[in-house]
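Fit chain B to the supplied structure of chain A, relying on the hints for placement.
Spelled out from the first residue to the last, the chains are:
Number of protein chains: 2
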Amino acid sequence: MPSYKAPVGDMSFLLNDVFKIEQYSNLAGFGDMNAEMVEAILGEAAKICEEQLQPLNLPGDQEGCKRKADGSVTTPKGFKECFRSFVEGGWLGLSADPDFGGQGLPYTLAAAVNEFSSAANMAFSMYPGLTAGAIAAIQVHGSPEQKAAFLPKMIAGTWSGTMNLTEPHCGTDLGQLRTKAAPKADGSYAITGTKIFISAGEQDITENIIHLVLARIEGAPEGVKGISLFIVPKFVLDKDGNPGTRNGVACGSIEHKMGIHANSTCVMNFDGATGYLIGEANKGLNAMFVMMNEARLGVAVQGLAQSEVAYQNAVAYAKDRIQGRALTGPKAPEKAADPIIVHPDVRRTLLTVRAFNEGARAFVIWSALKSDLAHRSEDAKERETNEEMLGLLTPVLKGFLTDRGFDNCVMAQQMFGGHGYIEEWGMSQFVRDARIAMIYEGANGIQALDLVGRKLPRKGGAALMALFGEVGGFLKDNAADEGMKPFVAPLQASANHMQQASMWLMQNGMTNPDNAGAASVDYMHLFGLLALGYMWALQAKVALAKGDDEAMKTKLTLARFYMERVLPETGLRLQRIQAGAGTVMSLPADVF
Amino acid sequence: MPSYKAPVGDMSFLLNDVFKIEQYSNLAGFGDMNAEMVEAILGEAAKICEEQLQPLNLPGDQEGCKRKADGSVTTPKGFKECFRSFVEGGWLGLSADPDFGGQGLPYTLAAAVNEFSSAANMAFSMYPGLTAGAIAAIQVHGSPEQKAAFLPKMIAGTWSGTMNLTEPHCGTDLGQLRTKAAPKADGSYAITGTKIFISAGEQDITENIIHLVLARIEGAPEGVKGISLFIVPKFVLDKDGNPGTRNGVACGSIEHKMGIHANSTCVMNFDGATGYLIGEANKGLNAMFVMMNEARLGVAVQGLAQSEVAYQNAVAYAKDRIQGRALTGPKAPEKAADPIIVHPDVRRTLLTVRAFNEGARAFVIWSALKSDLAHRSEDAKERETNEEMLGLLTPVLKGFLTDRGFDNCVMAQQMFGGHGYIEEWGMSQFVRDARIAMIYEGANGIQALDLVGRKLPRKGGAALMALFGEVGGFLKDNAADEGMKPFVAPLQASANHMQQASMWLMQNGMTNPDNAGAASVDYMHLFGLLALGYMWALQAKVALAKGDDEAMKTKLTLARFYMERVLPETGLRLQRIQAGAGTVMSLPADVF
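First to last, the sequence lines map onto chains A and B. One point on numbering: in this note's numbering, the residue at position 201 of the first sequence is 201, and numbering is uninterrupted. One point on numbering: in this note's numbering, the residue at position 578 of the second sequence is 578, and numbering is uninterrupted.
Among the clues, some could well be false.
Because identical chains share one entry, a pair is satisfied inside a single copy or across any pair of copies.
What the hints assert, rightly or not - Taking lysine-lysine and the DSSO-like style, the derived pairs with C-alpha atoms no more than 27 angstroms apart in a straight line are:
#	residue 1	residue 2
1	LYS47	LYS283
2	LYS5	LYS319
3	LYS335	LYS225
4	LYS66	LYS77
These aren't lab readings, by the way, just hints derived from the structure by calculation.
Isolated chain A, as found in the complex:
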């Protein structure tokens, strides 16, 4: 059976030592954030994730969700009770508005806890995760009445939330969306259409399910400018605000998927279901986009989380499995063979995964702090610059962390040899579960296009310039620091690659957008590699200052490993970007 231990120590190191969360005490919800408080909260989160969520992960995968003929869906054994525990611990509403029962703590802390819960049980954590997303949407766009009606029950986990965007013929291209909303006399709408890939669309965990649904009001403009967002409860609320009559929305089927078996992925049929417009008519996509950054950061965290839990299990196996001898002579001569962790290639693999994990974790926390600043700062300028920066980082977080997270799960699985392929060992599940994170919430190719096509050029490239300024400043400040030498030079080289790539994109992507498209995924990875390089340099700086206890020495070794073996990939990415779209676009479609 696989196991999991939440990385409380590393998370505390990041929050307290590297990013110094105490300095943000002027932000709402950050007032009590000191080292002790952070560790106490993370410790409690670790406890429920390790003790309650994780043990349900493998059985949940094996049992899966089941749909009955009446359209009801049962989740795996224990999920309902675990969900109750989770919400009663306050974890669902950790950063939600205290006026509606939330804890109002930093979003950054919620992102940290999100890593733990996703690592412990990704399929489970999607139930509260999607609910938190729906809460955020209603919080920002809902009327006071809508907030009062829905938020307290959702934050308490009595009701859950879902997102209904995709239709059979449209995923990425929401302009083709067909679900209709017909105005009714009472101001509500009758929603009719079919949505697919609706995670947690139906389940037996909560009393009511609050669907957020994109639909087109009759007579609305075509394309994305005619899409509105609606609240469609599974049970329409009665006059006391309790679940009343069953609404015209039902689960038509559930998907047989590669992974996240324990999360129900539903086809949802809306048949004149009562829906309530949320936000402005025809501005539904804007409403969705507000949540997009956090939702995508949430998926990025899933990539990291699966990589972390896969790493932990691979390490345990590599220490336990004895097979062959070290190349330099027996290390455990008293045994029939050495544990496979003596082998350089096993270590190279494990270090590749771990250097990603600890770099990516820093990247997530660094970015989440920007999200808190973007939403909670009292300085409008600070809100804006952080919002812009977060917008730039979001596709990189989502695309890079989930691509690499998946690759890492595959590498960790490989450490198990044949046992990695057997389901009961659990490694296959990490791979299968991690796979979806590259696809949903905007497939990674779309993230890359969002990065080069929208985020990069916004406001004359101000966010990218600010990032270069920050990294450049760090490099300058540390140029003379002898201890930082192994980190400054490689980071500088990769920052140069990124600058050349950005320049190339500006010069060649404008004249021919296919050049930008052909470069997009390589640019996203170049960006991610550099971002993690910067995160490692920041961590190395702190580790050097904290002196040479074992943990800090390990940090420095990991930082060196990242610089020596991972970061140099930026050069290759630059080369590919500069190859341009010529060859890529030169074949007629029919010869593919």
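Relative to chain A, chain B alone:
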């Protein structure tokens, strides 16, 4: 439902135009090999693979194998009949000895057909594939009586074969093997022990199953020098050579795996089963190793095959799925959106996969011809140099082609967005099935170690030197060819990387073997990248000479794509290799 069309045209191009199979007419079995014959055989193979094997692939995955309480195992519906068709078509015994009913055709042709059958139905093709492996072992090591007793029925597919190596505590490290062989008065042995991960160990397809089993004769030396190989039939043959009494070998359970569900992966319990020594006592590993090159080439082909079928389905989807508009303006203005194949990133992805497929296919055929030369040449020196070269190439074929083949399946799956994650679309199966090829027949990390630790230094590095000689000669011969310029320069650059890496290994791997271990996987990939680069240069040369029909123009575009975007990775691999083992080995095991 996924589909498959065997690449008969590309295979014929390789066999006839690039590698000119006619020139080998002096080798046994090659006499009739001309372009028409090659195409006729490939066409027939394509037919059975497309029409009979492929339709069973997805249903076979969903149904899987089932073990009953009596230890019998049922394969999915249709497998038994399909197997009959396959063997009656002569495909199992394509390159087997005509004296025992085989067709005696080139192994190269069998490798080509193996790609088709693996692509059409990997789990199915393992039943004949493992039988062919067992046939080869008996052919080389069996006594005349053993050959006469087993080969005709196995080549006819009336009986099947399996390989029993792995035990619960030993996979890679066969020195730890515990299965016992106790001599009996009649010259046979009583075999007792447990084997795991035995593919096709039990099934309902054939009348008898001929297990080849590694075991230790009582009193044999410890370690790998005390291992012998035995034939253990499921039913002991009666005096007429027909299946008689049930032997003491049974399937204890079957594994619940990530993929290849339709191939039974068995725990085999041997309880005093009657076994017959094959080859010399205590030389069992040598006997196994003789088959190793071909078995590993077979697995390499699985990586290519899954990549090919995944590519084909991704292309079909990319042409069919309309979503969004081309960056340069609508390409299908009459439709609601453009097919996604208009997007540079979709094309980049598809071309990455296809440039691999057609390069890897050439690499397989080039290598398979060396196998034929190694076994069928009448010139002892030619046999030896080809055997040595094949030995060098084998770990690269197995490791590189299966690593990349899997990655390619993931990329092809990604083209489907959410649909790629749904099992009924079939893309998940290609990913799940391809995953095992990186693990079995020696995990890819072991292949890399075999490459740098054993194959590279053999005979003073003669095989590598010969390879450098061949590639260097080609580069020199084509240096002045204007049309070859886009291919010669990048290939030269990567050949230099490979030379530097090899030099580095020689200088640093001797003094500290951990340097070789830490470099091994990067070196294997560098080697594979260069090998495919050479294959693309060879194909480009022929394509240029054949003039500019559409297929040849496509070849040249793919060659350019490979040179521009794939091959440059050799520089990164070199950089990683030269990073050495220092950082990799510097952490104590307990901080992992």
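Hints versus structure:
no.	hint	in the structure
1	LYS47 to LYS283	neither (42 angstroms within a copy, 54 angstroms between copies)
2	LYS5 to LYS319	within (16 angstroms within a copy, 45 angstroms between copies)
3	LYS335 to LYS225	between (69 angstroms within a copy, 19 angstroms between copies)
4	LYS66 to LYS77	both (11 angstroms within a copy, 25 angstroms between copies)
Hint violations for this structure: number 1 only, all remaining hints satisfied.
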